[in-house]
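J.: Chain by chain, the residues:
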Amino acid sequence: MEPSDPKKEIAGRLFDSGSSRFQPGTIRCLGDRVLAFDADGNQTVSAPLGSVQIDPPVRGMPWRVRFPNGQAFESNGPTGFDMLFGREAGRVKRFHGLTPMRWTALILASLALPFVLWFGYPIAADNVARAVPVSLDRSIGQSTFRELDGAVFDKSELPSARKAKMRAIFTEILRASDLAPGRARLVFRKSDYFGANAFALPDGTVVMLDDLVALAESDDEIAGVLAHEVAHIRERHSMRQVVRAAGISVLALLILGDGSSFAEEIAAMGAGIVQFSYNREFETEADLASAQIMRKLGRDPNAMIALLRRVYKDCGESCEETSILSTHPGLRDRLETVSGGE
Amino acid sequence: MDGSIQTTTPSERRLKFVFTGQSKDYFLICLRTFLLAVVTLGIYDAWGTVERRRYLLGHTKLDGHGFDYHARPITILIGRLIAVAAIVGYNVMAYFQPGFMSGFLSMAFIFGMPWLVIRALRFQLRNTSYRNVRFDFVEDYSRAFKAFILAPILIPLSLCLAWPWVQRVGARFIADNMRFGDRAFSLDMRLWKVYLVFFSAIACGIAAIVIGVLMNGSFSEAWTVTAPLQVLISDAQPMVIPVGSIICTVVVIFLIAVCFTVYKAAFRNAVLNGVTLAGGHRFSSTIPIIRYGFTLCGIWFLASISIGLLIPWATIWSKRLQTNYLVMVAAGSLDEFKSHGEDGGNAAATELGSLEGITDGLLGGTF
Ligand SMILES: [Zn+2]
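Protein sequence lines, in the order shown, are assigned to chains W and R. Using UniProt numbering, you'd call the opening residue of the first sequence number 1 and step up by one each time. Using UniProt numbering, you'd call the opening residue of the second sequence number 1 and step up by one each time.
No wet-lab data here; the hints were simulated from the structure. Quick reminder that beta carbons are idealized off the backbone N, C-alpha and C, glycines included. The reader is advised that the hints may include incorrect statements.
Going by beta-carbon spacing under 10 Å, a handful of chain W positions derived as facing chain R [to be verified]:
no.: 1; residue: 20
no.: 2; residue: 62
no.: 3; residue: 66
no.: 4; residue: 238
All chains, please: the whole structure from these sequences, using the hints.
T.: Below, the structure is given as structure tokens:
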């Protein structure tokens with residue numbers, strides 16, 4: 001028998017192979033072997049260190065050692081294993097329990113994460129969106145247009161001379177916008193549901209509604225809106241929005257998958273606010289591009305805002321200011337964007 | 001074997017289950033695992049889940065021995081990634097083929113759900129041990145289909161009257177297929193007591209709603225606050241907050257939750273009192289159902305208004321309430337349990353364990 005070194009011995013319960021029957025026992029580590037002894041000091045098992053399964057305790061639990069033959073050892077207390085197994089115990093213990101230093105680092109990292117995500121996530125999502133083929137934008141846009149056309153759009157009642165003039169302006173804008181030829185088209189519709197509005201669909205369809213045309217007092221106002229919509233298409237804002245929204249859902253699913261329903265509701269609200277901010281970012285981007293195109297054509301970039309003010313004339317001060325719950329920036333900020341701060 | 005001698009003698013021992021977990025310890029574990037999950041974008045939560053479950057099981061003690069949980073976090077992580085991929089894939093498909101996918105989902109749910117439940121049960125039980133012996137679950141798809149898909153059809157058909165009966169079908173399926181080592185569990189439970197509580201709970205719930213509606217009428221006009229805050233930019237009108245109605249609604253919902261919890265506790269008592277483990281072992285659960293209902297709902301109400309900070313505390317309290325009223329009536333010693341099969345109890349269950357949530361709900365009455 002080995003001379004027992006009391007310092008390198010842990011007392012506990014020794015279970016028979018695959019059985020709930022146990023007796024008091026001890027284990028020791030000799031070289032790279034783990035040995036277990038019963039109360040009388042007889043060796044009951046010996047196994048290489050690499051073949052035993054060491055389960056470190058979660059706070060207050062005993063250490064458990066499982067031998068390949070089905071025998072198991074359970075320590076009387078949670079201490080002593082570092083001494084017995086040295087590095088091996090440290091390796092399995094690493095993540096259980098943290099020093100104050102590591103707690104601090106962890107809390108700081110958690111606090112820093114929102115900032116990393118806030119700035120890094122849009123860039124990452126845009127890279128994903130760039131990899132999506134444009135044909136997908138087309139099919140989504142076409143099906144959306146078909147749905148809207150059947151449900152809320154009526155035939156435009158504008159005189160054909162007016163339409164022809166706007167088509168000419170549109171062609172002019174397309175040329176100035178560096179958009180691939182054939183990537184965008186202009187259609188006229190009337191809609192009681194949307195009223196005075198204009199949209200860009202991801203397939204390149206720009207929809208101009210009669211009520212908006214009726215409110216316009218100059219060609220520059222129409223041109224500014226068309227340039228804004230063309231910019232949405234050129235920058236693929238719809239697809240980028242879809243990818244960003246999908247990514248946020250996946251992130252929320254990963255981080256809060258096990259969370260409570262209350263945390264999920266808070267997260268959904270937060271995600272909504274983030275989506276609004278992305279939308280405002282895209283609108284600002286489109287306004288900037290519109291102003292650039294308008295200057296290139298020698299037109300007035302600010303004219304579009306005058307038209308929008310007429311559209312929102314009943315709304316007053318609340319449409320002038322940007323809020324975290326609005327999809328578009330406030331008119332005052334948009335004017336500043338298109339005028340380039342002049 | 002002294003075990004075989006003892007099973008023939010009627011020397012019954014009452015062994016109390018004890019829960020020794022501490023709120024402070026569990027809070028620190030939850031906080032650390034949550035923060036690590038956040039900085040790793042959710043990856044670490046697989047490790048956190050194992051650690052939290054090991055803490056809760058390890059501090060559930062019977063006869064001086066704790067339970068343990070052996071699932072490998074990497075297995076849970078892979079399972080979750082597959083689940084996330086399936087959800088993402090489903091959403092992408094549903095975007096393009098909405099009609100087909102909704103049909104596909106309902107078929108997948110009907111035929112896949114029983115399979116997922118038995119796989120998840122097996123994963124959880126195989127990874128749970130007590131005194132060096134593992135639990136296990138015998139897969140039986142056709143019985144699972146009957147218990148979880150066919151039987152519940154009776155609930156709407158019977159205007160919910162069949163609910164306790166349907167629940168018993170599920171509980172019996174789980175108990176009959178559950179193993180501890182090479183020993184089988186079985187369930188023989190009487191329903192009349194459960195039905196008594198069931199009808200009382202429904203009556204109390206309806207009474208709470210009626211009183212709530214009556215109170216609401218007298219409260220709502222006297223107790224309103226006009227909020228000057230403007231939530232939507234387009235909507236410049238001030239918001240009117242009916243404080244009286246909100247309080248009334250919260251109280252009614254709380255009382256309904258209490259009724260439901262009281263019923264669940266009664267069902268739990270009935271299941272555990274009817275479970276036997278081969279070898280003559282019985283169990284006895286004597287949760288005081290009404291006190292339990294109010295305490296548990298109160299704890300979880302506080303937890304839910306604390307933005308999750310009190311959830312660890314509420315979990316520990318719930319476990320304490322559930323565990324400390326449970327007793328095992330052992331026919332002799334607990335020494336004679338043997339692991340099932342030739343694996344010596346060390347077999348790593350390699351099945352994917354992505355569905356812990358489902359089993360938590362189903363196994364609530366077992367541990
Ligand atoms: Zn826009």
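J.: Each hint: holds or not?
T.: Against the structure, the hints come out as follows:
1. A least Cβ separation of about 4 Å between residue 20/W and chain R falls short of the 10 Å threshold, and the interface hint therefore holds.
2. Of the supplied interface hints, the one on residue 62/W holds, with its beta-carbon coming within about 8 Å of a beta-carbon of chain R, less than 10 Å.
3. Because the closest C-beta pair between residue 66/W and chain R is about 6 Å apart, less than 10 Å, the hint holds.
4. For residue 238/W, the interface hint is violated, since its Cβ never comes within 10 Å of a Cβ in chain R; the closest pair sits about 13 Å apart.
Checked against the numbered hints above, the structure breaks only hint 4 and satisfies the rest.
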